[in-house]
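Protein chains: 4
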Amino acid sequence: MTRKINTAVIGTGRMGSVHVRNLAQLIPEASLKVICDIRLDVAQAVADEIGIERVVQDYHEILDDKTIEAVLIVTSTDTHAMIIKEAAEAGKHIFCEKPLALELEKIDEALLAVEKAGVKLQVGFNRRFDKSFKQVCEIVASGEIGRPCILKITNRDPDFPEMRFLRVSGGMFLDMTIHDFDMARFLVGEVEEVYAVGGVLIEPELKDFGDIDTNIVTLKFKNGAFGSIDNSRKAVYGYDQRLEVFCSNGTAMAENEAENTVLKGNTEGFHVANPPYFFIQRYAPCYVEELRQFIECVRDDQPTPTNGRDGRAAVVLGYAAWKSLRENRPVKISEIK
Amino acid sequence: MTRKINTAVIGTGRMGSVHVRNLAQLIPEASLKVICDIRLDVAQAVADEIGIERVVQDYHEILDDKTIEAVLIVTSTDTHAMIIKEAAEAGKHIFCEKPLALELEKIDEALLAVEKAGVKLQVGFNRRFDKSFKQVCEIVASGEIGRPCILKITNRDPDFPEMRFLRVSGGMFLDMTIHDFDMARFLVGEVEEVYAVGGVLIEPELKDFGDIDTNIVTLKFKNGAFGSIDNSRKAVYGYDQRLEVFCSNGTAMAENEAENTVLKGNTEGFHVANPPYFFIQRYAPCYVEELRQFIECVRDDQPTPTNGRDGRAAVVLGYAAWKSLRENRPVKISEIK
Amino acid sequence: MTRKINTAVIGTGRMGSVHVRNLAQLIPEASLKVICDIRLDVAQAVADEIGIERVVQDYHEILDDKTIEAVLIVTSTDTHAMIIKEAAEAGKHIFCEKPLALELEKIDEALLAVEKAGVKLQVGFNRRFDKSFKQVCEIVASGEIGRPCILKITNRDPDFPEMRFLRVSGGMFLDMTIHDFDMARFLVGEVEEVYAVGGVLIEPELKDFGDIDTNIVTLKFKNGAFGSIDNSRKAVYGYDQRLEVFCSNGTAMAENEAENTVLKGNTEGFHVANPPYFFIQRYAPCYVEELRQFIECVRDDQPTPTNGRDGRAAVVLGYAAWKSLRENRPVKISEIK
Amino acid sequence: MTRKINTAVIGTGRMGSVHVRNLAQLIPEASLKVICDIRLDVAQAVADEIGIERVVQDYHEILDDKTIEAVLIVTSTDTHAMIIKEAAEAGKHIFCEKPLALELEKIDEALLAVEKAGVKLQVGFNRRFDKSFKQVCEIVASGEIGRPCILKITNRDPDFPEMRFLRVSGGMFLDMTIHDFDMARFLVGEVEEVYAVGGVLIEPELKDFGDIDTNIVTLKFKNGAFGSIDNSRKAVYGYDQRLEVFCSNGTAMAENEAENTVLKGNTEGFHVANPPYFFIQRYAPCYVEELRQFIECVRDDQPTPTNGRDGRAAVVLGYAAWKSLRENRPVKISEIK
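Residue numbers (the working numbering), protein chains in the order written: chain A, 1 to 337; chain B, 338 to 674; chain C, 675 to 1011; chain D, 1012 to 1348.
Extracted from the complex, chain A is given alone in its bound form (with noise of 0.2 Å):
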């Protein structure tokens, strides 16, 4: 049998009790030591729902904790950086969920911590573990349709997360733009300049701290190619999850999923299901298949699918984004420092 890696979980909100979850039942290369949360109540009902041993409050006990070999860290936005460097310090192999940081400094900082270390980060971009999506990537990879000439990607949320979770995501673009910026270089490659409309039609209250609620991003790439991003943070119909990488030879797309497939006909029509609603429901495989690889990346010494510098780019994507907006002009990735 082959060696199981023993893995921590430091956080277990919303989607670290996913995760928990995942390593604990449908990752069998992986063995879940203990599970953290400065909550330590929260943390308590996920180990008792799940049957995990050891629940701490404080993640350093986890980082003194020789045995355990990579952490899983999907606490709050603004502890990710110093806590992927005081992992990476300990030795540990680390997942963090995205974004690393809102500030490219704390990111710097720990990125060079990371590689310091020696030790593996993979960040949250789960979406590139989507089977549709993945497809997507390989049919434009091979070359089979040509050259990547435009590239669409539409991301719209079924509605608005809650109001205190926003005011500290650092904003659309670089909490669910984030995804897209992700997305656009891992199908076509590296960014040169970015153009962002957007504004808040939706929900007025976000105008209170400067958020939006809809936009479009122009992207320039480096390799000649140009994209459209759409997003809206309340698609009533359902999460709308779709891409198009249309190229010289052909096209390739990646339409959205639906939660059944049933077709109903009488005078009025046709009628057909709407979109997965939620994004746990709807990118359920790829948080598994995200840690899947993460584990087998730990346990085989092998690079992470997404490091530190895909993490790190869709940062800079975001500001860049902001700036454009903030500035109505093209923004070029450069510019961000």
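Source of the hints: derived by calculation from the structure; they are not laboratory data.
Simulated pairs of lysine-lysine, DSS-like, Cα-Cα distance not exceeding 27 Å:
#, chain 1, residue 1, chain 2, residue 2
1, D, K1334, D, K1245
2, D, K1343, A, K323
3, B, K660, C, K997
To give an idea of the chain A side of the interface with chain D (calculated C-beta under 10 Å), a few residues:
#, residue
4, P148
5, I150
6, V197
7, V200
8, V217
9, A235
With beta-carbon atoms standing in for the labels, derived distance ranges:
#, chain 1, residue 1, chain 2, residue 2, range
10, B, D496, C, G863, 22 to 28 Å
11, B, D496, C, D782, 45 to 51 Å
12, C, K1006, B, E446, 40 to 46 Å
13, A, I280, C, G725, 22 to 28 Å
14, A, S334, D, G1129, 56 to 62 Å
15, A, D48, C, R983, 39 to 45 Å
16, B, N560, C, Q731, 47 to 53 Å
17, C, G863, B, G455, 55 to 61 Å
18, C, R713, D, T1278, 30 to 36 Å
No residue lacks a Cβ here, since even glycine has one placed at the ideal position from N, Cα and C.
With chain A fixed as given, assemble chains B, C and D onto it according to the hints.
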């Protein structure tokens, strides 16, 4: 410039006027010289609208006109065989709407006259000219998906025709399923045995004259394949026209067309358009194409794509289905004389 | 916390191990205490992988264990009825895979024991728990699209199971069509008469033991509706699972699922993914849901969603289909004793 | 019988001959009296094929003919404005192909003449008459899905037109995107600002005359909504015509049409047909409908559905896009004089 074929249309009711318009406007290889209807005013109105110069009440005037090379017979079913016979004897090439007749003796007499006269006869099995059904046929015929195993045809009308028409129609199997019987022979080959179930599930008035509104006919083909046809007189969501040929190495299906390509999404789901409601709308291009090919066959002295044998075979299958339904047993085609 | 139901699984082959994993990981209301297989090493491997503590070779040990409340019977078909009887007599609630048995006498004996003991029995008609099929059922049951007129079920396997399995399976109607018979009863109601056609179109070896690989079964329902089921053992494009209930005021269909949602377009056309290839993959959520409901029924003392009567009725329909095929005539269900 | 409008067609090239055929055969409310082309032989060939009696080389003969009430201008773009002006002065109602001209001064002069003469002017924005796009417009206009937030238009040609045509076309934004600019105004309203990216990704020869083959145009609408148009001159899979209006309470999209409805499945997946390859085929019903409405407006003295203001506005947007591309900055519509 190529020679134009002088033609005449006998019968200018609903289907007749469609053929008149198509011949006059969309088949440049034909020259429509005269149209005829026993209701002279009906024919005159059609002629006025479309711009046909000559109108007659008695089709014998057409048969006597030596300049007319080809006639379209679009009269009521009970007169088809008689007019075919006379037209053949007058040396005219003939396009006749289905069914050739409701009695096999009449059909045989008509076909004999056609054979003796050496004129061409095409039967109006318009669906063979549908672009989608034709492509299914080509895929199957090419052998690329192997040998046919299961044929499925769904043919459902959006609503009942007028009761006075139904009373003289020959009943569901001879009026409606007859298209599917022809399609079955077109796609898979000769049928050996049929088994029919059916009844009155929608319109009780049909019981007065022994007709049905819902049926399923099971087919055994001579080549070993099986088939299932399902029909309804009333699909409230529109004219439902689908088929599939499942083969040993794949499958080929034709799905319904839709009124438009609009998707509307809201909290209730997504809405798509119904299929076209009316057969004349759904099969409009087929009515043109079948005439175009008929005129070509006349001009180039080629065999017609749907001949008298096809017209007879579909009627035989209709009879077999009625016999099967009445006796509640599978009926061999060879039982029908 | 709610009381957990102590369970055991008897038979840990392909389906058995699926149930073991689901019970252990995804049904928190159940506590899987022991698993059993006459091939002890097979059971032990499953136990090791999933983390089950107790493994036995003789299921009587389970029946004798007073702490076990419910058993899953996932053994070979020929042992189902016997184990049901013994388990009922031991007071266990029972989930049994389909078919209950290949002989009606055995089924009746088992059901009598269940009735006497007052235990619950659920039969593994997993497809009733499919989200799409369930929704079709709900639409039809609600009456919003009127009265059922035509039921169509397409059920085609991607490839043959092993020949040694087929030889003892009861043949295509009892092994494969049985699911469709149950679905027909679920969606439309009791069947009065069946007519079956079928043959060997793909795999000649089946002729050795009188089985077939292709069939169409026509149904007459007691409520006047009609049905058509088509089956093939080999749909090279994947596991084909579609159905439609056409009603007097509309229609409801469940289309195939697809491996992914990618569309690839080039000069040749557009390419879309196959349906999932394997039944365990296609119906994975159903296997969980049927167990979840079984455990709930046991806990809350409610009737099971698929009971012994359902299990028997589907076998009766399978027998009727075989009789119909052999005698080439419609067979009334009342003929099967 | 209703009065017929006497019409003439000036210009009988590719689009002109389509209009001639439609007027002659499918618009019974119009009487096509004369057609005109400076290439007299071209006009004569069209007249012979379709059966038009009078052919002239100089359009002034038409303008001088008092019996002609309405003219269609389907000449090369550089002559549109001049002929409009003269036709208006001659008191003719005018249908003119887009664009009205490549210079705003010429357009303004022509529109002034139209206004003074009090004649009707309709611009050939055929896509507004597409059944799917029209329905999207109606859904949005009804308010049932709320307020527009994001407009997306994909408009991709299957291949390049001839280079000699492109050289005098005004470039991609004035020749191709102009349709999308009009559609944007039709669906969402007036545009305030555009930002264009684009380049030569397919056909280097375009660089000789400063044109591009790929672009994305971002729109800010006066009502606060945002839009993204993407264009390519070469979509090898066919003429790609899709759009979506995402709104605060739902979304409405028009998907591509397909050549046929055939699905072919085998081990490789399922194959579906390409969209129609050619714009004249794709929009054939629109060309009829726009003329039908033009003739009706003339007959009933109603405003035309696409007027001079629409024709001018789309050209202004084309200019703004070119300016934006050249200066790499968002350009306000008010900057274009």
